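Line by line, the protein sequences give chains A and B. Taken in order, the first sequence gives residues 170 to 332; the numbers are from the numbering used here. Taken in order, the second sequence gives residues 170 to 332; the numbers are from the numbering used here.
No lab work stands behind these hints, which were simulated from the structure alone. Model, not experiment: these values are computed from the prediction. Among the clues, some could well be false.
Identical copies go unnamed one by one, so any copy, or any two together, can satisfy a pair.
What the hints assert, rightly or not - Cut-off 30 Å, straight-line C-alpha distance, at most; resulting in silico cross-link-like pairs (DSS-like, lysine-lysine):
1. K289 / K276
2. K305 / K330
3. K330 / K289
4. K289 / K323
5. K330 / K219
6. K276 / K219
Number of protein chains: 2
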Amino acid sequence: MEFTPEQFMARALELAHDALSLQEVPVGAVVVHEGSIIASAFNRRETDCKPTAHAEILAIEAASQSLGAWRLERTQLYVTLEPCLMCWGAIIQSRIPEIYFGATDPKAGVCGSVLNLHEKPLFNHYPRVTGGLLAKECGQILSDFFANLRNQKKTLAMGNKNL
Amino acid sequence: MEFTPEQFMARALELAHDALSLQEVPVGAVVVHEGSIIASAFNRRETDCKPTAHAEILAIEAASQSLGAWRLERTQLYVTLEPCLMCWGAIIQSRIPEIYFGATDPKAGVCGSVLNLHEKPLFNHYPRVTGGLLAKECGQILSDFFANLRNQKKTLAMGNKNL
């Protein structure tokens, strides 16, 4: 049975929910090789106290361990949010040829939002990018997370005012 | 006793020599906090089978563990080679305010070589960059490494031809 790109993104979205359960910014990612998921990860920056622990980085590292190679030449990466500079760089370093992302990131995304690095063959590797896969669902979980965070801060500020 | 930037870079260069002893591309890095080195690392991409195992990434991760924080706000990073896209992204993610690098990287450097990302306040953090520290020594070890690699390939090719 062959899976569709939407099905792989749906799995990445489940992983974003796992991040949410740890109160992490909810982003999930999977790496696919020959039609199967070989690595799954979600953002663990706070949990692991690690600025590099974005979903893509952890998924890329797990995929390299799984294949026993740092070159992930015949793989696809699915991630719920447009990659940031660091993650786009890691995608280039690992030679992943094909990327699918869900929601856009107006503040940090480099595949169409802040920068258009995916359109520039600047380096020794040039991945193909498809954005907008399950964009609504991938974006909604992030909007809800940040809205909730703002509410918590507001409640906290009001509490302090009443002290 | 206060150390100079050149002394911190000299330590990073020693780490590049450690990378060389493992036949890795010789790049070393240290993170400094309040005048002391809190993290040291060198490129281990082949050894660890990890596309993300550049010196900067490993040094940043070790510094976060050392300080118990993913924000490295009052630190300086010293690295023997101009950062690539991934490492520059990790520097931004970790909020390091000050970077010193040694040699330029005409193929992958993003602080003046392939891109000038250090001149653009595009993201939520904007580090200050000083390049060219011990540039000759930091570049020489890399030139020697790649010249040696080319010679090895040439010898191998000649050997195959004589089979």
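Report task. Give the relationship of K330 and K289 under a CA distance limit of 30 Å: within one copy only, between copies only, both, or neither. Result -> neither (51 Å within a copy, 39 Å between copies)
Query raised in the report: Is it within, between, both, or neither for K276 and K219, if the alpha carbons may be no more than 30 Å apart?
Result: both (20 Å within a copy, 28 Å between copies)
Query - Up to 30 Å CA-CA - K276 versus K289, copy category - result: Classified as both; 20 Å inside a copy, 14 Å across copies.
Report task. Please work out whether the CA atoms of K289 and K323 approach to 30 Å or closer within one copy, between two copies, in both situations, or in neither? Result -> neither (42 Å within a copy, 33 Å between copies)
Query raised in the report: Using 30 Å as the alpha-carbon threshold, which applies to K330 and K219: within, between, both, or neither?
Result: neither (33 Å within a copy, 50 Å between copies)
Requested in this report: State whether the alpha carbon distance between K305 and K330 is at most 30 Å within one copy, between copies, both, or neither.
Outcome: neither (37 Å within a copy, 58 Å between copies)
Consistency note: the structure conflicts with the earlier hints numbered 2, 3, 4 and 5.
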